[in-house]
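Colleague: Using the hints provided, position chain V relative to the given structure of chain H.
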Amino acid sequence: MRILFIFLSAYCTALQAQEQCGARQYFLNHRECGMEGHGARCVELDISHSIDKEGKSFIYEWNFGDGKVLSGPLTEYCYEQYGTYQITMDLLDPETRMIIRNELSTKISLLPPVEFATDTLQQMTAVFKYDPELLPGIAVEKVYWKIENEYYCGEQARHTFGQPGFHLIEIGVLGKTPDKMFFNGCTFRGAFITSKP
Amino acid sequence: MHMRVFYLGLVLLISSTLQAQRVPNEIENIDYLITYGAQADASRGDDDHVQILFFSIPRSYQSPVYLRIYDPDTGGLHDELQGGANTQLRFSVYGGKTAFSNKDAQKVNPTGNYNSGNPLASKVFGADPKLDANWYSFGPFNPAQGEEIDEMDAYVFKLIVEGLQGDDGNQYRCFLSELAGSNRIIEGANAFAYEYTFKLPKAKGVSHIYPFIDKSVISVTQYNFDFDQEGDILLYSVAKNRHPGAASNNNEWLKSKHSIVDSEKNTTLDIQFQKIKEGENALSFYITNQYDEAIPFFTIPIGGPPKYKYDLKVNIKAGVKK
Numbered sequence: 001m002r003i004l005f006i007f008l009s010a011y012c013t014a015l016q017a018q019e020q021c022g023a024r025q026y027f028l029n030h031r032e033c034g035m036e037g038h039g040a041r042c043v044e045l046d047i048s049h050s051i052d053k054e055g056k057s058f059i060y061e062w063n064f065g066d067g068k069v070l071s072g073p074l075t076e077y078c079y080e081q082y083g084t085y086q087i088t089m090d091l092l093d094p095e096t097r098m099i100i101r102n103e104l105s106t107k108i109s110l111l112p113p114v115e116f117a118t119d120t121l122q123q124m125t126a127v128f129k130y131d132p133e134l135l136p137g138i139a140v141e142k143v144y145w146k147i148e149n150e151y152y153c154g155e156q157a158r159h160t161f162g163q164p165g166f167h168l169i170e171i172g173v174l175g176k177t178p179d180k181m182f183f184n185g186c187t188f189r190g191a192f193i194t195s196k197p
Numbered sequence: 198m199h200m201r202v203f204y205l206g207l208v209l210l211i212s213s214t215l216q217a218q219r220v221p222n223e224i225e226n227i228d229y230l231i232t233y234g235a236q237a238d239a240s241r242g243d244d245d246h247v248q249i250l251f252f253s254i255p256r257s258y259q260s261p262v263y264l265r266i267y268d269p270d271t272g273g274l275h276d277e278l279q280g281g282a283n284t285q286l287r288f289s290v291y292g293g294k295t296a297f298s299n300k301d302a303q304k305v306n307p308t309g310n311y312n313s314g315n316p317l318a319s320k321v322f323g324a325d326p327k328l329d330a331n332w333y334s335f336g337p338f339n340p341a342q343g344e345e346i347d348e349m350d351a352y353v354f355k356l357i358v359e360g361l362q363g364d365d366g367n368q369y370r371c372f373l374s375e376l377a378g379s380n381r382i383i384e385g386a387n388a389f390a391y392e393y394t395f396k397l398p399k400a401k402g403v404s405h406i407y408p409f410i411d412k413s414v415i416s417v418t419q420y421n422f423d424f425d426q427e428g429d430i431l432l433y434s435v436a437k438n439r440h441p442g443a444a445s446n447n448n449e450w451l452k453s454k455h456s457i458v459d460s461e462k463n464t465t466l467d468i469q470f471q472k473i474k475e476g477e478n479a480l481s482f483y484i485t486n487q488y489d490e491a492i493p494f495f496t497i498p499i500g501g502p503p504k505y506k507y508d509l510k511v512n513i514k515a516g517v518k519k
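Residue numbers (our numbering), protein chains in the order written: chain H, 1 to 197; chain V, 198 to 519.
So that you can see chain H by itself, here it is in the shape it has in the complex (with noise of 0.2 Å):
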């Protein structure tokens, strides 16, 4: 019992520093530090789920904001440019070929793939350290850290791994720039443990 309440008393207080340096409110509000839309340039659109059967039946006509049209309740599309699209849906009434345009919308960004450098490591357990050179001409002011769903502040960040293999580190930067305008970017390093001790 008391090991489980030490335990427990030491994951609340881990929770807490990672709450109290800001690292998960940085990464929550910044979603596009993950790797989630970088280097894809393909798009899966469905509401088929919310088609109404007691509606009107219509043929759903998605625009894709780069001049192609396809049609559907599911349909997927892949871009020939990572960039930022607005995609509206029209609906087509094939009995009266009346059009009703913007029936919905929604933006979407696709990011272009980032290269990063993956250390090899033997051990489980590691120290990653700022390396002002990912970011030239910052002046960094606070640095966040995601490892494995696990957050740290400051420009170095201790995680143990819990499985060895690849792991994705992001790193999120606050700072100025050389001529003292705010920065806010982000970046990505690769970690590969290659077995457990």
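Source of the hints: derived by calculation from the structure; they are not laboratory data.
The beta-carbon is built from N, C-alpha and C at its ideal position, and this holds for glycine as well.
Mixed in with the good hints there might be a few duds.
Unchecked claim - Facing chain H, according to a computed beta carbon distance under 7 Å, are these residues of chain V, among others:
id: 1; residue: V435
id: 2; residue: N438
id: 3; residue: R439
id: 4; residue: H440
id: 5; residue: P441
id: 6; residue: Y507
id: 7; residue: D508
id: 8; residue: L509
id: 9; residue: K510
id: 10; residue: N512
id: 11; residue: I513
id: 12; residue: K514
Modeller: Here is chain V on its own, set in the frame of chain H:
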């Protein structure tokens, strides 16, 4: 009755920032109301030759108001003539106790004491070139001359338009205004009706009527007369993506009943008239709850037009579809 007044009060409070004095309103995409002379055949689209409209003014507003009518005459432009112009209509403004609260005034047919309240002004219009495509102003009225409805925190006036004689159709618009000589909106005022007889735009398109569905409604029945099957009548809401309603043919009433789900309560319903043919068409419409009580519809939808809630899932993927 008490419940109805209560929810009207609620929605008028919500809509206090809306400005809905043109009747019919642009957002309804209805150009004109229409009332036919007493001898006009019902197949023209008017079942009873009477139109009843209500105008509410916030109690906090204390300046004189005017009820302005566009093209009140029965000849010339904007009217539906059957041969020579031979029609007379009476426009009457009522206020005071029971003008709105009398149950007969809220029925869809002009029976009983529908002209309840104090008569404040009345004028009979025939063919009159001076008023053709022009405005006539009733008033000034002191807002306190309307019926004071505590639950709405408002004074309510009633306008009754009656086709007295003739067989022409008189198309007109109304505007509740601060001024006699021009249209100036009254902040927080509103307009509503329990039945409309109106003219659809000549062009193809979608017109709207916006009843507010209060929390006690579990089903609605929409009634339409003389739609001439010119397209579809659809029910649209946060939970209904254009459910087809019965659409009448020439000179007939048709109705359809539709259940109301929880997410639609305290929201506005959008009755859509999808007109797929070009040409003139007048029709009458009303909607009732499960107790056969008429539900008021507002010239500006309470809370804005409803938007069906799609569950859109967006999945960004690296893969390429074969």
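Colleague: Evaluate each hint against the coordinates.
Modeller: These are the hints, each one checked on the structure:
1. V435: Violated. Min distance 11 Å.
2. N438: Since the shortest Cβ distance to chain H is 4 Å, the answer is holds.
3. R439: Status holds, d = 5 Å.
4. H440: Given a least distance of 5 Å, the restraint on H440 (chain V) holds.
5. P441: 6 Å, holds
6. Y507: It holds, given that the least Cβ distance between Y507 (chain V) and chain H is near 5 Å, below 7 Å.
7. D508: 4 Å, holds
8. L509: Since chain H brings a Cβ to about 5 Å from L509 (chain V), closer than 7 Å, the hint holds.
9. K510: 4 Å, holds
10. N512: 4 Å, holds
11. I513: 5 Å, holds
12. K514: 4 Å, holds
Figure legend: structure checked against the earlier numbered hints; the only hint not met is number 1.
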